[in-house]
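S.K.: With the sequences and hints as input, model every part of the structure.
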Amino acid sequence: MNYEDRVAKRAKSIEISTIRYFFNMVKDVPDAISLTIGEPDFVTPKHIIDAAYASLLEGKTGYTVNAGLIELRQEISKYLKRSCDVEYKPDGEILVTIGATEAIYIALNTLVEDGDEVLIPEPSFVAYDPCTKLAGGKSVFVPTYEKDNFVLKADVLEKYVTDRSKVLILPYPNNPTGAVMPYEEMVKLAEVVLKYDLLVVTDEIYSELVYDGFKHVSFASLPGMWKRTVLINGFSKSYAMTGWRLGYIAAPEYFVKHMTKIHQYDVTSASTQSQYAGLEAMKNGGNDIKFMREKYDERRKFLYDSLIDMGFECFEPKGAFYIFPSIKKTGLTSAEFAKRLLYEAKVAVVPGSAFGEHGEGHVRMAYATSMDNLKESVKRMEKFLRNFK
1 MNYEDRVAKR AKSIEISTIR YFFNMVKDVP DAISLTIGEP DFVTPKHIID
51 AAYASLLEGK TGYTVNAGLI ELRQEISKYL KRSCDVEYKP DGEILVTIGA
101 TEAIYIALNT LVEDGDEVLI PEPSFVAYDP CTKLAGGKSV FVPTYEKDNF
151 VLKADVLEKY VTDRSKVLIL PYPNNPTGAV MPYEEMVKLA EVVLKYDLLV
201 VTDEIYSELV YDGFKHVSFA SLPGMWKRTV LINGFSKSYA MTGWRLGYIA
251 APEYFVKHMT KIHQYDVTSA STQSQYAGLE AMKNGGNDIK FMREKYDERR
301 KFLYDSLIDM GFECFEPKGA FYIFPSIKKT GLTSAEFAKR LLYEAKVAVV
351 PGSAFGEHGE GHVRMAYATS MDNLKESVKR MEKFLRNFK
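Counting with the UniProt record's numbering, you get residues 1 to 389 for the letters of the sequence shown.
No lab work stands behind these hints, which were simulated from the structure alone.
These figures come from a predicted structure and were not determined experimentally.
Where a beta carbon is used, it is the ideal one built from N, C-alpha and C, also for glycine.
A few of these clues could be false.
As the list claims (entries may be wrong) - Cross-link-like lysine-lysine pairs, in silico, BS3-like; alpha carbons within 25 Å at most:
| # | residue 1 | residue 2 |
| --- | --- | --- |
| 1 | Lys329 | Lys383 |
| 2 | Lys81 | Lys283 |
| 3 | Lys375 | Lys295 |
| 4 | Lys133 | Lys147 |
| 5 | Lys379 | Lys295 |
| 6 | Lys339 | Lys383 |
| 7 | Lys346 | Lys301 |
| 8 | Lys147 | Lys188 |
| 9 | Lys133 | Lys257 |
| 10 | Lys166 | Lys133 |
| 11 | Lys147 | Lys329 |
| 12 | Lys227 | Lys257 |
What the hints assert, rightly or not - Restraint ranges, calculated between C-beta atoms of paired labels, are given here:
| # | residue 1 | residue 2 | range |
| --- | --- | --- | --- |
| 13 | Ala8 | Gly243 | 26 to 36 Å |
| 14 | Leu57 | Asn2 | 50 to 60 Å |
| 15 | Glu184 | Lys339 | 11 to 21 Å |
| 16 | Asp28 | Glu71 | 41 to 51 Å |
| 17 | Lys290 | Ser370 | 17 to 27 Å |
| 18 | Arg20 | Glu357 | 17 to 27 Å |
| 19 | Lys329 | Ile49 | 44 to 54 Å |
| 20 | Glu4 | Ile49 | 15 to 25 Å |
| 21 | Asp266 | Lys12 | 19 to 29 Å |
| 22 | Lys329 | Val29 | 36 to 46 Å |
M.R.: This is the structure in structure tokens:
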């Protein structure tokens with residue numbers, strides 16, 4: 001008997017991310033510089049680590065309630081009011097999760113029935129499609145275009161809405177493109193959402209990493225949108241806490257009470273020590289965010305200017321820590337370009353095709369690495385590009 005035949009179809013329907021494939025390839029190339037993984041190169045700030053350590057010494061090693069420490073939820077509530085002008089009650093409208101990815105999984109498994117369509121802007125983060133499939137839904141990929149700075153346009157979205165459409169995912173600031181969503185475009189999307197009675201899941205994990213004076217606006221703050229929006233955020237990117245696995249959902253209680261049940265039977269609760277670290281980050285981590293954002297901004301400007309000087313076609317990203325240049329002029333596919341760049345120039349990037357069909361023709365470069373690494377990467381890429389002149 002082939003026991004793999006007994007594996008559920010939903011599990012078989014998803015694939016390991018191409019990003020992980022290219023990340024692993026780097027290990028086989030000595031002295032390669034990786035611009036692949038979207039992870040801060042900073043260590044979690046010491047005062048945050050100390051808070052987690054203190055909780056251990058104080059014997060706080062048991063479970064928390066499923067929804068998370070009430071003190072943490074209170075701080076999250078204050079933060080969302082302060083930063084996004086949206087109000088959520090700590091008790092009932094906020095759920096602490098194991099990273100934003102678990103939050104996405106919970107949200108879609110709560111909102112999506114078998115056969116429901118989930119509208120996903122593309123290129124996009126690789127987890128949305130698998131989480132949709134595991135919830136029994138159907139992913140409908142809505143293209144965004146470089147000419148629009150990869151902003152989801154309302155008129156394009158409307159073309160993909162059907163009578164089976166139920167959820168729209170809004171991932172801005174965006175991974176992999178670095179795009180941000182201007183307020184005026186968000187208002188137009190809200191009109192489409194109202195017209196077709198859609199629910200909205202916003203992935204705002206990069207909300208603190210915006211540049212050139214851009215002001216992030218949460219979709220839930222728009223008139224009429226709070227009651228139909230599930231806001232997802234977390235600590236990984238803003239506070240350099242990827243390994244702590246800590247995120248959260250903020251949504252109306254009629255959503256959160258059902259999400260909490262899935263969370264309860266999925267993971268019970270987020271790590272107690274991670275929650276105490278998150279509590280410290282929320283209370284006293286503002287300067288850490290500012291410091292890291294300024295460093296990312298320096299790297300963003302350097303890499304963007306360097307790519308333009310090298311002849312890449314590239315829009316200037318205003319959020320996250322990614323840049324998404326076009327490589328179409330080389331005549332290579334994004335996977336071919338990424339492989340050759342790795343083996344010939346020892347610089348690792350992610351092919352745009354990893355983020356969906358509409359990412360083809362581009363590669364993602366993460367500037368969440370040192371300036372020295374970026375400068376050396378640019379030198380290597382300049383030499384590599386001579387092959388195409």
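S.K.: Can you tell me whether the CB distance of Glu184 to Lys339 sits inside 11 to 21 Å?
M.R.: Violated, since Glu184 and Lys339 (Cβ atoms, about 40 Å apart) do not stay within the stated range.
S.K.: When you check the alpha-carbon spacing of Lys133 and Lys147, does it fall within 25 Å?
M.R.: Answer violated: Lys133 to Lys147 is near 30 Å, above 25 Å.
S.K.: Does Lys329 sit within 25 Å of Lys147, going by the straight-line distance between their CA atoms?
M.R.: Within the cut-off at roughly 16 Å; holds.
S.K.: Starting from the hint 44 to 54 Å, judge whether the C-beta atoms of Lys329 and Ile49 obey it.
M.R.: Hint holds: Cβ distance 45 Å, inside 44 to 54 Å.
S.K.: Taking the Cβ atom of Glu4 and the Cβ atom of Ile49, is their distance within the range 15 to 25 Å?
M.R.: About 42 Å separates the Cβ atoms of Glu4 and Ile49, which means 15 to 25 Å is violated.
S.K.: Taking only the CA atoms, is the gap from Lys375 to Lys295 under or equal to 25 Å?
M.R.: holds, 14 Å
S.K.: How does the Cβ-Cβ distance of Asp266 and Lys12 compare with 19 to 29 Å: does it lie in that range?
M.R.: holds, 20 Å
S.K.: Is the straight-line distance between the alpha-carbon of Lys166 and that of Lys133 25 Å or less?
M.R.: holds, 14 Å
S.K.: With respect to the beta-carbon atoms only, verify the hint that Lys329 and Val29 lie 36 to 46 Å apart.
M.R.: 25 Å Cβ-Cβ, so the 36 to 46 Å window is violated.
S.K.: Quick check: does the Cβ-Cβ distance between Leu57 and Asn2 fall within 50 to 60 Å?
M.R.: holds, 51 Å
S.K.: Is 41 to 51 Å right for how far apart the beta carbons of Asp28 and Glu71 are?
M.R.: Holds - the Cβ-Cβ distance for Asp28 and Glu71, about 46 Å, lies within 41 to 51 Å.
S.K.: Lys339 and Lys383: Cα distance at most 25 Å?
M.R.: OK: Lys339 and Lys383 at ~16 Å, within 25 Å.
Hint compliance for this structure: hints 4, 15, 20 and 22 are not met, and every other hint is.
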